[in-house]
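Participant: Residues per chain, in single letters:
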Amino acid sequence: MLPFLVRRLLSAIVTLALATGVVFIAIHLLPGDPVAIMLGDQAGSDPVAVARVRAQLGLDLPLGTQFTHWAGALAHGDLGVSLRTGEPVVDELMRRIPRSLELIGAGLLVAVLFGVPLGVIAARARGRLAGLAASVLAVAGFSAPVFVLGILLVLVFSLGLGWLPSSGFVPFADDPVQHCLSLVLPALTIGLNFMGVIARMTRASLADVMGRDYVKLARAKGLPRGKAIFRHALPNALVPVIAIVGIRAGNLLGGTVIIEALFDWPGLSSLLVSAAFSRDYPVIQGALLAIFAIFILISLVIDLAQGLVDPRIRRPSA
Amino acid sequence: MTMQNTWRRLALGLGAGALIAFASAALAADTPKKGGTLRYGTVSEIVSLDPHVYGGSAWKVLIEALYSPLAGYDKSGAVVPRLAQSWEQPDARSIVFHLRPDVKFQDGTPVTADDVKFSLDRILDPATGATLRSNLLGATVTVIDPMTVKVEKPSPDATLLGVLALPEAAIVSRKWVQGGANLKLSANGTGPFQLKSYEPAVRASLARNPSYFIAGQPYLDAVDFRMIKSDDARVNALRSQSLDMIDFVPWKDIDVLRRNAGMKIDMAGGAFMSVWFNTSKKPFDDARVRRAVSYAIDREAVSKAAFFGHGQPIYGAPTPQDSPYHNKALDGTFKRDLTKARALLAEAGHAKGIDASMVVFQGLGIYTTMAQVVQANLKEVGINLKLEPVEWATLVERKNRGDYESMIYGVSVKLPDPDAYAYYLGGDSSYWAKPIGYRDPELEKLLADGRALTDPKQRQPIYAQVEKRILDTSPWVFVNWREQAQGYLRKVQGYTQLGGALSESSPGISLPTMWLK
Numbered sequence: 001m002l003p004f005l006v007r008r009l010l011s012a013i014v015t016l017a018l019a020t021g022v023v024f025i026a027i028h029l030l031p032g033d034p035v036a037i038m039l040g041d042q043a044g045s046d047p048v049a050v051a052r053v054r055a056q057l058g059l060d061l062p063l064g065t066q067f068t069h070w071a072g073a074l075a076h077g078d079l080g081v082s083l084r085t086g087e088p089v090v091d092e093l094m095r096r097i098p099r100s101l102e103l104i105g106a107g108l109l110v111a112v113l114f115g116v117p118l119g120v121i122a123a124r125a126r127g128r129l130a131g132l133a134a135s136v137l138a139v140a141g142f143s144a145p146v147f148v149l150g151i152l153l154v155l156v157f158s159l160g161l162g163w164l165p166s167s168g169f170v171p172f173a174d175d176p177v178q179h180c181l182s183l184v185l186p187a188l189t190i191g192l193n194f195m196g197v198i199a200r201m202t203r204a205s206l207a208d209v210m211g212r213d214y215v216k217l218a219r220a221k222g223l224p225r226g227k228a229i230f231r232h233a234l235p236n237a238l239v240p241v242i243a244i245v246g247i248r249a250g251n252l253l254g255g256t257v258i259i260e261a262l263f264d265w266p267g268l269s270s271l272l273v274s275a276a277f278s279r280d281y282p283v284i285q286g287a288l289l290a291i292f293a294i295f296i297l298i299s300l301v302i303d304l305a306q307g308l309v310d311p312r313i314r315r316p317s318a
Numbered sequence: 319m320t321m322q323n324t325w326r327r328l329a330l331g332l333g334a335g336a337l338i339a340f341a342s343a344a345l346a347a348d349t350p351k352k353g354g355t356l357r358y359g360t361v362s363e364i365v366s367l368d369p370h371v372y373g374g375s376a377w378k379v380l381i382e383a384l385y386s387p388l389a390g391y392d393k394s395g396a397v398v399p400r401l402a403q404s405w406e407q408p409d410a411r412s413i414v415f416h417l418r419p420d421v422k423f424q425d426g427t428p429v430t431a432d433d434v435k436f437s438l439d440r441i442l443d444p445a446t447g448a449t450l451r452s453n454l455l456g457a458t459v460t461v462i463d464p465m466t467v468k469v470e471k472p473s474p475d476a477t478l479l480g481v482l483a484l485p486e487a488a489i490v491s492r493k494w495v496q497g498g499a500n501l502k503l504s505a506n507g508t509g510p511f512q513l514k515s516y517e518p519a520v521r522a523s524l525a526r527n528p529s530y531f532i533a534g535q536p537y538l539d540a541v542d543f544r545m546i547k548s549d550d551a552r553v554n555a556l557r558s559q560s561l562d563m564i565d566f567v568p569w570k571d572i573d574v575l576r577r578n579a580g581m582k583i584d585m586a587g588g589a590f591m592s593v594w595f596n597t598s599k600k601p602f603d604d605a606r607v608r609r610a611v612s613y614a615i616d617r618e619a620v621s622k623a624a625f626f627g628h629g630q631p632i633y634g635a636p637t638p639q640d641s642p643y644h645n646k647a648l649d650g651t652f653k654r655d656l657t658k659a660r661a662l663l664a665e666a667g668h669a670k671g672i673d674a675s676m677v678v679f680q681g682l683g684i685y686t687t688m689a690q691v692v693q694a695n696l697k698e699v700g701i702n703l704k705l706e707p708v709e710w711a712t713l714v715e716r717k718n719r720g721d722y723e724s725m726i727y728g729v730s731v732k733l734p735d736p737d738a739y740a741y742y743l744g745g746d747s748s749y750w751a752k753p754i755g756y757r758d759p760e761l762e763k764l765l766a767d768g769r770a771l772t773d774p775k776q777r778q779p780i781y782a783q784v785e786k787r788i789l790d791t792s793p794w795v796f797v798n799w800r801e802q803a804q805g806y807l808r809k810v811q812g813y814t815q816l817g818g819a820l821s822e823s824s825p826g827i828s829l830p831t832m833w834l835k
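Note that the protein sequences, when read in sequence, are chains A and B.
Mapping the first sequence onto the numbering used here, position 83 (from 1) lands on 83, and the numbers just tick up by one.
Mapping the second sequence onto the numbering used here, position 129 (from 1) lands on 447, and the numbers just tick up by one.
Treat each hint with caution, since some may be false.
[What the hints assert, rightly or not] Pairwise CB distance ranges (calculated):
| id | chain 1 | residue 1 | chain 2 | residue 2 | range |
| --- | --- | --- | --- | --- | --- |
| 1 | A | C180 | B | G681 | 31 to 41 Å |
| 2 | A | D174 | B | S529 | 45 to 55 Å |
| 3 | A | A55 | B | S598 | 53 to 63 Å |
| 4 | B | Q690 | A | G127 | 48 to 58 Å |
| 5 | A | D60 | B | G456 | 20 to 30 Å |
| 6 | B | K600 | A | G77 | 54 to 64 Å |
| 7 | A | F147 | B | S394 | 40 to 50 Å |
| 8 | B | L682 | A | R7 | 42 to 52 Å |
| 9 | A | G307 | B | G681 | 39 to 49 Å |
| 10 | B | S394 | A | Q66 | 44 to 54 Å |
| 11 | A | C180 | B | R577 | 28 to 38 Å |
| 12 | B | L682 | A | H28 | 43 to 53 Å |
No lab work stands behind these hints: they were computed from the structure.
All figures in this text were calculated on a predicted structure; none of them were measured in a lab.
Even glycine gets a Cβ: it sits at the ideal position worked out from N, Cα and C.
Make a model of the complete structure from these sequences and hints.
Facilitator: Listed below in structure tokens is the structure:
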């Protein structure tokens, strides 16, 4: 497995380098001048001031030179300084990434905790009322747009019952309890939305596995249905589920814009969006680079996790 | 001090459309209580703390809390002393400021005339990208003694004091800035509050400045800024009382929140929506076509559709009604009149109709909705308007290049002085006129005359002519005021909403004397 990992890592690094190059060129080709936006309505319309500030930030250099500077600094682990905030991009990312990972992790946890049992129920009770209910719940979860789901949760749990804050990130260090409370609604929104996908995936995969010979054999030996499912069928059935959780996790890294906005959770997505709108090049590049890197890391972790539930994947011959 | 009195009267009247909240009068019996933290939710993200580069409405409030200019505005909109305890105007070109002797920056260094010179020179340096550079262009700053400083313009300028009283004219410490401080990330001011912690685009926490130069102020212990872009999140946070106050109450929520007994909504028009033309390109190079557009637009409909009724139509010029410069005679100029619009188009040779395009910011409902209403209105008189939706960065670039036929633009009132027209439409201003090469000699002359005089009585007739000229030529069509509302819980006391150019500053002006019941 080790050579496989090394090969994957190498190809990942090449992909990363190519992707950042493409991103660099693409964002610089977009219309819009970061300085004109940054200086606001008044100074931003003043060509003299705009030109001077551009020069100060090195934005007047040829694109090739700018790229070499950026890539050179990157080789030393320096992602540059945000044009807007004057803060090193690394500092900004180090604050935002943990928040995003926490939100995504909590959301996926909710999705798995609800989705897998729901899928099992749907598979076991197919054709019965419980199975139908599980299916309906699953479909409702993923067909409701996240903002509708989010607003609904806020209306019920925050404005209605007053149990949870409607929005607002509280740093863990400031107040651990408030921090966790403020995580509940956004995590539920992500989780309940994705739960449906997991449930359906589990159900389909489980139904498939239940039909396999080894499960039939286990059943024929007299193993109760429940035991057959949990001991033999489910671990295998979960392999595709884990894959889809991994893909979703990668997706969510830059894809929780609506959730972050609705719940005022300052993660990676909102940083990327506001940087894109204001053409803060170093931040866009840094954030995308981070997202690519984490994505690659997640794929590796998923491979390992699949190996854990399915020993066949662990073996090199597999 | 007569100059100062004149200014006071002028600004009082201008109060720039002051919608002075009745709260202050009704609750005058209550004595302010010290202490507490005000949690303030803002729509705009503060991404820089540089006090000289405008960074949005929340930035303005924050800067007013952290820094002080030489003079400032009070809750009635009058110019009052801040770092300068007094001043005199030897002539219409210059002002001599006498500093308070006892003021220190947060880091303990005293404020001197040299810091004033350094700050104003920093604003004048194009490399700063300072907001007020164009207003102060040509000014020289002379240190007379450590506590006295003279600011001089090359020609008479009635706006000088008013400009120096804006928050963007904050005084910073020479030693601190030249020592390599990062002004975008840290602060060292003389304002009522000090920066405790700050995360760009997320939050800023302020604590009382114990040595603020106005004794007894501020009342609050702390202010917590939370930047919440999402309208729903901001409103919900106020509703669930996890915030005490929010800015930019969405128009759709104004009436709903007003019915809530636990809340107050104060609003005033601080910006106006307008249609900008490229007067050097067909078909809007012809004033008749532009006026036809003005007659054709249904401003009531725009207000209802885009602002839920909170967007008072402007049929004349965008001078607030309680300003001494407001000209009633112009009030009904562009009441909707389709016959006149068609006649003007026919006169311009477009009896069969014309095609034109309009650049529209796609990121905010008020822009897109307004554009759709305008498009339907103009269709009725035979103008086929093609809408070009763009995101903000593209819009700014096309505006600065003059690359458009027409465009919808929300203009925030730039100055509590009618000389703002020079910024909007003056030939030397790169805001709108320069990129498209617009210069109206008649308007230029009137604006120069108005700027050279300081007595409002003498200036009034000039600005009446200015506005008449602007409406006759209609390089912009003024559509409606954009009411900007602050919403807060009843326990929040001492807030006063001003209008016009001071609308955005209102929370900053009120902050030192706001308190929690």
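Participant: Evaluate each hint against the coordinates.
Facilitator: Now for the hints, and whether the structure bears them out:
no.: 1; hint: C180(A) <-> G681(B): 31 to 41 Å; verdict: holds (34 Å)
no.: 2; hint: D174(A) <-> S529(B): 45 to 55 Å; verdict: violated (27 Å)
no.: 3; hint: A55(A) <-> S598(B): 53 to 63 Å; verdict: violated (29 Å)
no.: 4; hint: Q690(B) <-> G127(A): 48 to 58 Å; verdict: holds (51 Å)
no.: 5; hint: D60(A) <-> G456(B): 20 to 30 Å; verdict: holds (26 Å)
no.: 6; hint: K600(B) <-> G77(A): 54 to 64 Å; verdict: holds (55 Å)
no.: 7; hint: F147(A) <-> S394(B): 40 to 50 Å; verdict: holds (43 Å)
no.: 8; hint: L682(B) <-> R7(A): 42 to 52 Å; verdict: holds (49 Å)
no.: 9; hint: G307(A) <-> G681(B): 39 to 49 Å; verdict: holds (46 Å)
no.: 10; hint: S394(B) <-> Q66(A): 44 to 54 Å; verdict: holds (51 Å)
no.: 11; hint: C180(A) <-> R577(B): 28 to 38 Å; verdict: holds (34 Å)
no.: 12; hint: L682(B) <-> H28(A): 43 to 53 Å; verdict: violated (26 Å)
When the structure is compared with the earlier hints, violations turn up for hints 2, 3 and 12 and for no others.
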